[in-house]
Amino acid sequence: MDFIRIPFGNLVENIVIWLTDNFSTFFDSITAIINVALNQFKTILVWMPWPITIIIVMVLAWRFAGRRVALIAGLFLYFLGSFKLWTEGLNTLALVATSVSVSVLLGLPLGILSARYEPVHKLIRPILDGMQTIPSFVYLIPAVMLFGIGNVPGVMATVIFSLPPMVRLTNLGIRQVSNEAVEAGKAFGCNEWQLLTKVQFPLALPSIMTGINQTVMMALSMSVTAAMIGAGGLGVKILYAIQRVHLSVGVEAGLGILFIAIILDRILQGYSSRQKRARHLS
Amino acid sequence: MQYDPKIHCENVWKIFGKSSEKVMKASPSDRDDIAASLHCTIAVREANLEIREGEVFVIMGLSGSGKSTILRCLNHLIQPTHGRVVIDGKDLNTLNAKDIREIRQEKMGMVFQNFGLLPHRNVLDNVALGLEVQRLTSQERYKRTREALDLVGLLDWEQYYPNELSGGMQQRVGLARALAVNPEMLLMDEAFSALDPLIRRQMQEEFLKLIAIVKKTIVFITHDLDEALKLANRIAVMKDGRIVQIGTPEEIVMQPADEYVSEFVSSVSRSKVVSAKNLMMEPDKWISAEKEDPIAVLNKMRKNDIDSIFITDFTNRLVGVVSMKRLKETLNRSPAGLKYMAHQDYASVPPDTNLEDLISHAAQTKVPIAVLDEGERLLGVISRSSLLEKLADLI
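Sequence order for the protein chains is A and B. For the first sequence, the numbering used here gives the first residue as 1, with consecutive numbering after it. For the second sequence, the numbering used here gives the first residue as 1, with consecutive numbering after it.
Just chain B, with the same shape it has in the complex (with noise of 0.2 Å):
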């Protein structure tokens, strides 16, 4: 499918230092002596990045990884020394400082790891900044402030000062300010990594929900690989200002692309990111039509060595199940169509679904689990073996 990336990173390269154009004009292989000798450093080197409308996208790294350095070039705060950086199909080198501040004020809005709050301005005025800054009247700026600050519930507060607020609620102020402007991204540079852990969890937590509410592309820099699986629809991980690999959480996890990643995440417990979608089955053989014919499908459950059977309606949903024995007794007595035989007596779950309740799910039923997206439309079955077979290969 061809799709349209919101950013894209393409060959992006950022060396520190007076030389940096000669470091860059160096073969690639001698680039690192080059930098050494001539006091640059090498922060970014050759990422590539296609981030798509609407995902969370986490860079993750410790620090000193180019993280940061990569998060600034996507809205030039860093210019990049090589490379191109898209927005909206917009080449950044190719605009004059005007436009790109333009697209800094009205498309993404940026959060800080302390905060970058100004003290000297009450919450009301430090969240109405990017407003301000374009302009609107005080009575528009206002009214869409006090909206980004019922946002993250500080609606309050509008008349405190940065400095008597507690670092959660401070962050809370960065998030609304940059949700004032509307933009179409966010920046997070290790958004809640001042946080102490239990105000951090519980901000994460805030952040699903909000960003379940205003839709965003989303760029997220993190260190923390439990933030980074909890938050990412994909992760890129970096090191030494490389991009190592991108991939889903899962995939980061269940398939490290080299030695450091799976060292990175070999502290994570893998039920952490193994969910229904990754365990599912194809559910051809698990599946009938309403309309089969019942000894057609007796048959068939005969020969896959199955109890009982998922019966769909013509739009592929699942409308019930019907078993062995019971498709056995009603052929007896009088043939009905497999729609009046099924009973509901059966789980189902989203795709995401994590492990732990998958198996108190598996415990309570002895149909295979249905997996349905949000059309209740059957997406996999997870057999009760095949979630046992599973749990081996995880421990």
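Only chain A is shown next, with the shape it has when bound in the complex (with noise of 0.2 Å):
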């Protein structure tokens, strides 16, 4: 006896088909939308003399994390211009900020809904499990589909596999809140908006700042995928490098994005721990 075939891929895809006949205003728009947000960072980054963009980072470094982050941070930002990969690593930075902006945009409200309604949550958890074990390169079909080639279906699709930390660790951070605290609010008579501004949300900045970081962690590691659907940056070289095994510039942009991980996570570690002091929260 055989199995029923149930045709569950077609179905997806005229889904994504109808989609894209009936809404590609709606995705054309995103795409400008996006792209403009990209070229805003790029022309920023790319504009700016590499020795001037060395300084600022080193300083951040310093204020957020102290002098031998922003040791450290310079040689590594020296080191990729000594590779030839400036322009790639800053290409890279400006699709990370711009898929960070936007999963920090989408997840900030979902986490705080899902914390908030039990329904919300129970529905957005299967999701959000499946958004993180999907292997990334499945949604890349869909993503080209709505969005064509180039960077904006890249950043659609690491928005889509770094967006989960964000939803996560914003709910948690806000059911994380003491009971008493939030019981405290409601005494003193706060409706929902002033318990969520005065009380839940300044509580759970901790928690929603570490969301951030993994979410800029994440979305560094899409890079590589991301540039299989024609997102520009340090991804290109590497694919580059396995397509023609070509170990040396693999070596080169493969640690050129460790560079960029490194020096962004101890950046955002060392201002979220800042904030915490600042605000008496640890």
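What the hints contain is simulated information worked out from the structure, not anything from laboratory work. Accuracy of the hints is not assured; some may be wrong.
[Said to hold, decoys possible] Okay, the calculated beta carbon distance ranges per label pair:
#1 A:Gln176 / B:Lys90: 30 to 38 Å
#2 B:Gly167 / A:Pro51: 48 to 56 Å
#3 B:Glu46 / A:Arg274: 52 to 60 Å
#4 A:Glu192 / B:Arg317: 53 to 61 Å
[Said to hold, decoys possible] Each computed DSSO-like pair below joins lysine-lysine, with the alpha-carbon atoms no more than 30 Å apart:
#5 B:Lys303 / A:Lys122
#6 B:Lys366 / B:Lys277
#7 B:Lys285 / B:Lys303
#8 B:Lys277 / B:Lys300
#9 A:Lys122 / B:Lys18
#10 B:Lys90 / B:Lys107
#11 B:Lys209 / B:Lys107
#12 B:Lys390 / B:Lys303
#13 B:Lys22 / A:Lys122
All C-beta atoms, glycine included, are put in the ideal place defined by N, C-alpha and C.
Relying on the hints, combine the two individually framed chains into one complex.
Next comes the structure, spelled out in structure tokens:
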């Protein structure tokens, strides 16, 4: 006896085709918006002379994470330039910045909603599990169908991959706020918005910052995959190195991604622990 | 006398769990079994309370007795499954969310066991929370905030953060936050239970002084009998979600309603709750009006077998004491008004004087002790023999 064929794949494909046919203006406008954001980041980063960029990053690192991190950041950025990967590195940075902005913009409200309304939480949780578990190559296909080839589908695929930690940690942070603090807010007559802005959000901030940090790291790890559908940056170099078995290019581009990851991670962590101390939350 | 209670709970039930309604629909005798089978917990059952304006009402019980739940029903932080909570004649069930928020903002301040302060705000902004929610201008807000901080003695600490303060100070911030909105009622959930014993007693003393100034209706939750006896005008004892007795501290200790309450109060020394007003006798046979005929008074004293008598004026205020000896002497020489024979050598105490103080007064004077109210009116007398009798009962 044979299995009955359930044409699930066809169904999904038809839905995506139907979406592209009927909502092309909608997807085009998303493409346009993301392109604008991306180009803004890129223009600023590429326009700036490299020594100034390095100095700015070093100052940020020094302010938030100390002298040692500042020196390492400066050294790493110089290496990136000396590998002749400066423009590619900045392109990757612009892609990450754009994806993370979209992830935060979507993830923050979703996390807040799922912390405050149990049905939303129940609905969102399996979807997040799916987004993180399904191999990222799979959703490259609908991304290409909806947004074409280039940076924008790369950003969209990155957002899908890096959104879950943002939602999860926002949700977790708000749920972890001490029950007494929430009760105090309610007992003094806070409405829902006041409760959120005066009590829950400020107390959840450390957790939310961790969420942003993780989102950044996951977005960086998507750069090679995103390059397969036309996103630029260091991922393209690595993809090239794989296709040509070109070890020297692969090593340098791989290290480039690592450098950017370390610098971003240290600066963000430094920033969030400074915030924690300043707000007496640690 | 007809009076409207400030807070009125009428047959309040709270059942936790998804099927709480189903449990409530069952007949009262089956509810426990049904709750157990549906994984519901009955936290409060059939609670009836009338809390009067200006009194300190303590709800006492062990953990899990439902006392915190009932407190949260009063401001609908927890919505009762059944029954009504009426505040100032308004049934909270009939109000929408906005009206309930207004009642919470304006009428009720709440103090929490673990303080419930916001760690990211300094003392000033923590205390200002309630006023901020009411959208007062920052000038008005901080003016009233500082007044509240002054009441609890933390004016110099406004720039500090909660994690920089001791437990006792944090709870004073919590108290100031509740007082800042100038509410009519204070809901205090085990407010002093997280403090160590020394600080705790100190806070209780300060709290008593404070409420003498600010005059609020106070609902105070505690598991500590000593605390309840110290603070309460009336006490409700809870067990397994049910209120088993409501009464004054004296009634709870002297006439426990059932075995549970009597076990609860067995540890407390009764002398703590016995005060002059429980011991005093009706003053009738000890009193004479100042206009009375001295000879009639002499006869009255002989008849009642007493050595001295209290003389009162027409407003029932105490004028002095006349002894039998002095009365006889004066009558033999030249008759005069009782007022002119009276001396002031007697002890007088307010009605809430405790046993220990009464005994030391009794040791110093032969005349019975007079119990006077604030207007110097004679409420009753305590003779040495009656004091000894009571002592024998208590031991």
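Under the constraints set out in the numbered hints, which ones does this structure not fulfil? Result: hint 5 breaks, nothing else.
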